[in-house]
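Enquirer: Residue numbers (my numbering), protein chains in the order written: chain E, 1 to 142; chain Y, 1 to 150.
Simulated from the structure, these hints should not be mistaken for laboratory data.
Please note: incorrect hints may appear among the correct ones.
Unchecked claim - Partial selection, computed: residues in chain E whose CB lies under 10 angstroms from chain Y: (1) His57; (2) Thr86; (3) Ala114; (4) Ser140.
Said to hold, decoys possible - Simulated crosslink set (DSS-like; lysine-lysine; CA at most 25 angstroms straight-line): (5) E/Lys95 - Y/Lys145; (6) E/Lys95 - E/Lys127; (7) Y/Lys135 - E/Lys127.
Even glycine gets a Cβ: it sits at the ideal position worked out from N, Cα and C.
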Amino acid sequence: MADRIANVSWSGSLIEGSGTIERVGSGAFGPLEVSWAARAEDSDGRTSPEELIAAAHATCFSMALSHGLAQAGMPADRLESSATVTFVPGTGITKIALSVRGSVPGMDEAAFGAAAQAAKENCPVSKALAAVPEITLDASLS
Amino acid sequence: MPRIVREATVAWEGTVSRGSGVVRASSSGAFDLPVTIASRIADPEGKTSPEELLAAAHATCFVTSLGGELAKAGTPPERLDVHCTITMDEVEGMGHRIVSSAISARGSAAGADAASFAQAAEAADAGCPFSALIKASATVAIDAKLEGGT
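Make the full structure from the sequences, and use the hints.
Expert: Pasting the structure below:
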């Protein structure tokens, strides 16, 4: 069992106030400023829940794909993944687009596509976010 | 309604057990962080993980919603402190799953009382898009208390 923690503070209203991701359990990042304007308009160098979700999903997907390829006897030299989260205020998170370019010696496109699809379906963050209406995948060898 | 798009990228080299990656907040440039599977499952050793990033996402999402709800009630917060713990566990037959997200919120807001603060926290949970999503697959627990309330 692994617990992971984060602490965030906020002062003021939603629109005029601002907050700080003070610290996370690992100490890997923080303090990071956050605000509604940065979340809903121009990021202006500030992160947001949606960007953090994108970071979590891209990382989880990369690990699952790397693991799947290694198990199939085809370890990747390099994987470049991204996750793009679309948020519509008042509606919610409507879409996550995953993309990956892989350098995998000896592997063909079809097998890589199947491994990427399996990683997309099975990584714990995908399972946790299964209620997102649309999660797409674009996978190819580089 | 405007569509808001946020992106992050990961570059990964090598296998899961021996490899490592770097996750970058590419929309904002706010962070650029190393990740490994060992630090995800066992001791973090100063490295973040998908679950820690989700804890930061949920805490940030919830705190903005709570600030919004308190302001809507005419009692904007002087300060809110939100702590989120995401738990991943091995579930029999299903492998590793994110099983819960526990939010603890403490705050001060002039004019709010214990009941109105609790009500705002309930509305914040309902209004935070991350809470809505993760409830479909995991338990969400909210513990909210007003500090030094009137």
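Enquirer: Does each hint fit the structure? Answer for all of them.
Expert: Against the structure, the hints:
no.: 1; hint: His57; verdict: holds, 7 angstroms
no.: 2; hint: Thr86; verdict: holds, 5 angstroms
no.: 3; hint: Ala114; verdict: violated, 18 angstroms
no.: 4; hint: Ser140; verdict: violated, 16 angstroms
no.: 5; hint: E/Lys95 - Y/Lys145; verdict: violated, 33 angstroms
no.: 6; hint: E/Lys95 - E/Lys127; verdict: holds, 15 angstroms
no.: 7; hint: Y/Lys135 - E/Lys127; verdict: holds, 12 angstroms
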